[in-house]
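**Student:** What follows is the residue order along each chain.
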Amino acid sequence: MTRKDPSGGLIISPIRNGTVIDHITAGEALNVLRILGITGSTRECLSIATNVRSKRMGRKDVVKIENRELRTEEVDRIALLAPQAKINIIRDYRVVEKKGVEIPEILKGVVRCPNPGCITNTNEPVESTFEVLPKGLHCLYCDWLVKDDIANHII
Amino acid sequence: MYHIISIRDFERSDLDYLLDRAGEFDTGKYRPQALDDKLVALLFFEPSTRTRMSFATAMARLGGRSIGVDSVEASSIVKGETLADTIRVVSSYVDAIVLRHPKEGAARLASEFASVPVINAGDGAGQHPSQTLLDLYTIRQSMPIDGTDVGLLGDLRYGRTAHSLALALSLYGVTLHTIAPGGLEMPANITLELRERGMEVIEHANVEEAIRELDVLYVTRIQRERFPDSASYYNVASSYRITPDLFAGVRDHLMILHPLPRAGEIDPAVDQTPYARYFEQARNGVPVRMALLHEVMK
Numbered sequence: 001m002t003r004k005d006p007s008g009g010l011i012i013s014p015i016r017n018g019t020v021i022d023h024i025t026a027g028e029a030l031n032v033l034r035i036l037g038i039t040g041s042t043r044e045c046l047s048i049a050t051n052v053r054s055k056r057m058g059r060k061d062v063v064k065i066e067n068r069e070l071r072t073e074e075v076d077r078i079a080l081l082a083p084q085a086k087i088n089i090i091r092d093y094r095v096v097e098k099k100g101v102e103i104p105e106i107l108k109g110v111v112r113c114p115n116p117g118c119i120t121n122t123n124e125p126v127e128s129t130f131e132v133l134p135k136g137l138h139c140l141y142c143d144w145l146v147k148d149d150i151a152n153h154i155i
Numbered sequence: 156m157y158h159i160i161s162i163r164d165f166e167r168s169d170l171d172y173l174l175d176r177a178g179e180f181d182t183g184k185y186r187p188q189a190l191d192d193k194l195v196a197l198l199f200f201e202p203s204t205r206t207r208m209s210f211a212t213a214m215a216r217l218g219g220r221s222i223g224v225d226s227v228e229a230s231s232i233v234k235g236e237t238l239a240d241t242i243r244v245v246s247s248y249v250d251a252i253v254l255r256h257p258k259e260g261a262a263r264l265a266s267e268f269a270s271v272p273v274i275n276a277g278d279g280a281g282q283h284p285s286q287t288l289l290d291l292y293t294i295r296q297s298m299p300i301d302g303t304d305v306g307l308l309g310d311l312r313y314g315r316t317a318h319s320l321a322l323a324l325s326l327y328g329v330t331l332h333t334i335a336p337g338g339l340e341m342p343a344n345i346t347l348e349l350r351e352r353g354m355e356v357i358e359h360a361n362v363e364e365a366i367r368e369l370d371v372l373y374v375t376r377i378q379r380e381r382f383p384d385s386a387s388y389y390n391v392a393s394s395y396r397i398t399p400d401l402f403a404g405v406r407d408h409l410m411i412l413h414p415l416p417r418a419g420e421i422d423p424a425v426d427q428t429p430y431a432r433y434f435e436q437a438r439n440g441v442p443v444r445m446a447l448l449h450e451v452m453k
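Respectively, the protein sequence lines represent chains A and B. My numbering puts the first residue of the first sequence at 1, with every later residue one more than the last. My numbering puts the first residue of the second sequence at 156, with every later residue one more than the last.
To be clear, the hints were calculated from the coordinates, so they are not data collected in a lab. All C-beta atoms, glycine included, are put in the ideal place defined by N, C-alpha and C. Some clues are possibly wrong.
To be verified - Sample of chain B residues at the chain A side, in silico, Cβ under 10 Å: (1) Gly-223; (2) Lys-258; (3) Glu-259; (4) Leu-264.
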């Protein structure tokens, strides 16, 4: 899947169908995969490049997922970790859709509330719901504020 | 449908309206049988004396009736039923639900599944809006709330009444003075939120330093279970004890409030001073809850 570029850079081969997530914050590629539920046991064919040189970002990560087009709610999740990420949907080697990621105003079922006393951490039939504020994520059930380490709370 | 879930949901005008209504109920300006065809469910999944009884009293004074659950053990929750299902079912029996529950956010969840109004009577370490309203009502009986200096003393970390009250007071241009033992200070995110709401928050090392600047001193219980052993509890608790000798040089109209039950934070000798207003505060639970019940079921 990867080969050494004659000029010294590392290149990932193009994919025929699927999604390319470009401009991921350097070092976050594996967290992005975790958010997408892609683990060692899933069947997707993956290419991951981390700390790739980028004119715009200095360093960036890139993920290519074959035969899977990301849904909007999945893109929302990525925005939490990699707000500058660009999503390219590929069909027959061509980019048919290119979109940025946007952090939504409300996150439903994306982040687990770190408050053990929160009603969303019980067997109740509700999804965690957070309002996205400049200072962090605010749980609309228990008012807890998640400021740091958001990646570890992503469901 | 009108739910009473969190003090955060209220604007200043909403609070003033409810306090005015409570004043009318307090002075007998209401139809005694105003809720005579109404039934309220008091679902208390945590212990309560004052809150439960004052809601029941308020309902009875308005001619309505109440039914309820007093503990988790006496409910289908022990059989594994979710709160959501309990609320759906109880909604079909009654005209409103008053809920106390150990989990934070339980009342918000209940409001999503209920087909009748829900009043939050305390959800874990979260919100307790009817307590906050009766606290405001008690202050307003003696002085305008605007511009006062209010001290919060005790467990400001876990004390839900302190958080709710501080948020409400931020709508009234109050200066907040916090006095808490080490480790039980107001959580930084709440202090930040209060300051973002424009409130001046002053932290004090001890009550002696603050008391002469205050119009209201709101004392909360220091919970024994927060300390590793009895000795460290008594050490802290004794340094936060209100005794009559602290009142030298205080403002004449100083009010000492406490949501009760107290566990030694206020010397019984204080009860005899003109500053003690906590029993009056507890009594005010009835007109305030009459106003809330009437508002959601009228």
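**Student:** Measuring from the C-beta of Gly-223/B to each C-beta in chain A, is the shortest one below 10 Å?
**Tutor:** violated (20 Å)
**Student:** Does the CB of Glu-259/B sit less than 10 Å away from some CB of chain A?
**Tutor:** holds (4 Å)
**Student:** With chain A as the partner, please determine if Lys-258/B meets the hint condition of a C-beta pair closer than 10 Å.
**Tutor:** holds (4 Å)
**Student:** Can you verify the interface hint for Leu-264/B: is its Cβ closer than 10 Å to any Cβ in chain A?
**Tutor:** holds (5 Å)
The structure is inconsistent with hint 1 alone, although it conforms to all the rest.
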